[in-house]
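Novice: Sequence:
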Amino acid sequence: MNVGVFTTIKIQNGIPLFWNNHLKRLSSQAEKLNVGSSILLSIGKIKTYLKQHNLSNCALKITATKENNKTEIHYETRPLPQNFSSCKVITSEDTRNYLKIYKTTNRIINEKAKKTAEENGADDALFILNGTIVESTISNVFGMNKNGEIITPPIKAKGLNGITRQLIMKQTNGIETDINQNTKGPLVLVNCLRIQKISHINGKKLIDGERLMKKIKKLIEQKEKEYLSANI
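Numbering (my numbering), first residue to last: 5 to 236.
Some hints could be false.
Stated by the list, open to error - Computed beta-carbon distance windows for the label pairs:
1. K229 to N186: 31 to 41 Å
2. K65 to N87: 14 to 24 Å
3. N177 to Q16: 24 to 34 Å
4. K28 to Q226: 20 to 30 Å
Read the hints as simulated data drawn from the structure, not as lab findings. Quick caveat, the model's predicted, so the values are computed rather than measured. Heads up, the beta-carbon is just placed ideally off N, CA and C, and yes, glycines get one too.
Could you build the full structure based on these sequences and the hints that come with them?
Specialist: See below:
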């Protein structure tokens, strides 16, 4: 099966947020997985595409695939997700292979885990490796320790180092530390489109993550505002 790579970008006021970060990751992963040696995209080209399709606030998915020995770029757009502040999750043993550190189109295990979660009255699933949390099917995970410091599971060789995760870690000096699957919380899920606090894991209620969610949300909104101001 041919594997492509993709990135999903939040579009606000016609501007792709943190474009350089997304393009750098897309290009790097395409090269490593032999999808393409370079991704020839510019923010100007993306803005033109958005303007032509009358899109100012949406999610833009850019996928790079290799077809007949040629790198092809595909665009998909969808509305930004509704801002549901909390979610329920179940745990799922992480059986993914080495590709889990890349944002690839091979998402069979992710989709199966999420479907199982929904069939059991939850919204998402957390991948578990050796009894500790890695990430969810679509988001990175953040918690807070007893000192009020932001923590997150180590991701090297285990999962995807998301663009928003990188931003949060840089701005907060977040601490990478294992989070046990039996944690009492608080926990939040974060990706470039949404932030949600986890209310329950496997039906067990967690410590409310409102404080943590607000702290991270404020940081993200401030960085988005700064980026928009610098790229008008």
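Novice: Now tell me if each hint is right for this structure.
Specialist: Hints and how they fare:
Checked against the hint of 31 to 41 Å, the C-beta distance between K229 and N186 comes to roughly 38 Å, which is consistent with it. The hint said 14 to 24 Å for the Cβ distance between K65 and N87, and at roughly 19 Å that hint holds. Taken as a hint, the range 24 to 34 Å holds for the pair N177 and Q16, whose Cβ atoms sit roughly 26 Å apart. A hinted range of 20 to 30 Å holds for the C-beta pair K28 and Q226, which are about 22 Å apart.
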